[in-house]
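Undergrad: Spelled out from the first residue to the last, the chains are:
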Amino acid sequence: DAKTTQPNSMESNEEEPVHLPCNHSTISGTDYIHWYRQLPSQGPEYVIHGLTSNVNNRMASLAIAEDRKSSTLILHRATLRDAAVYYCIRFYSGGGADGLTFGKGTHLIIQP
Amino acid sequence: DAGVIQSPRHEVTEMGQEVTLRCKPISGHNSLFWYRQTMMRGLELLIYFNNNVPIDDSGMPEDRFSAKMPNASFSTLKIQPSEPRDSAVYFCASSPQGGMNTEAFFGQGTRLTVV
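Those sequence lines, one after another, are chains A and B.
Basically this note's numbering = 1-based index in the first sequence + 64.
Numbering-wise, this note's numbering puts 18 at position 26 of the second sequence, and it's gapless, one number per residue.
No wet-lab data here; the hints were simulated from the structure.
Relax, there's no trap hidden among the hints.
In silico lysine to aspartate or glutamate, EDC-like type, Cα no more than 20 Å apart, as pairs:
1) A:K67 - B:D48
2) B:K70 - B:E3
3) B:K16 - A:E109
Residues of chain B placed beyond 12 Å of chain A at every Cβ, according to the derived structure:
4) Q9
5) E10
6) V11
7) K16
8) S19
9) N44
10) F57
11) M61
12) K70
13) Q72
14) P76
15) R77
16) S79
17) T105
18) V106
19) V107
So the derived label-pair ranges between C-beta atoms look like this:
20) A:R141 - B:P73: 47 to 53 Å
21) B:Q89 - A:P176: 38 to 44 Å
22) A:S73 - B:R77: 26 to 32 Å
23) B:P73 - A:I138: 45 to 51 Å
24) B:R33 - A:S105: 17 to 23 Å
25) B:E36 - A:S73: 20 to 26 Å
26) A:S105 - B:E10: 23 to 29 Å
27) A:S73 - B:S(-1): 30 to 36 Å
28) B:R56 - A:R141: 45 to 51 Å
29) B:D49 - A:P104: 26 to 32 Å
C-beta: ideal position from N, C-alpha, C; glycine also.
Work out the full structure, taking the sequences as your base and the hints as a guide.
TA: See below:
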C-alpha cells in the first residue's frame, strides 16, 4: 500500500507542459513527497522531492498543495524522452523500508 | 562514479537451481534496497539495509529468498531453490542516508528467467 493515488495514464503533446497529479491525503507533517520515473527497460530514476515548499530542479518542478494532501509534478516542456511511468511516493517519517514503497504510477504518453 | 552496478544483467536458470544476484552500491552510500518488478505486481521492495544491517525484510516473499551485505560495497540476493514464479527483473538501489531528504540511485537490474 503506497498510500498515494495517481491516474493510471496520461497523454500529452511534445513541447507542451505536463501536470502529473498525486493525492496523498493521509500524509503526516514530516513525510517527504518523492517522484521517480522509469523509462522503458531501465531502473527507476529520481526526479524531485519536497516537503512543504514548491521545488524546482533541472528536470521538473514540484508544486505541493498548502494542506500537503496533494502534489503536482510539472514537466515544463515535454519531449519524447519523457515518456515513462512516473511514481509519486510518500516517504514516511518513521523511516525504514516503508519509506521507499512504489505504487502503480502514471504511464505518461507523449505524442509527437 | 559508475553508479549502482548489478550482475548479471540476464540470468536464465532451471527450476530448482540456486540463483545469486549481485549488487555494488555507490561508494559512500550506506543504505541499500532490493526490489522485484513484475507486470502483475509492479515494483516490490524486498529488503532494506542500513550500514550493512538488514532493517526490514518483510517484503521477502518466502524462505527461499535470502539477502546479505557482508560489507559496504557488496550485497547479494539469493534464491534457493528457484521457481518459475520468481521470474522478474530485480533491482538494487542505494542512497547516501536512506532517509527522507535524499535520492536513491537504481541499478540497471537483473532480468531473471526460471524455466
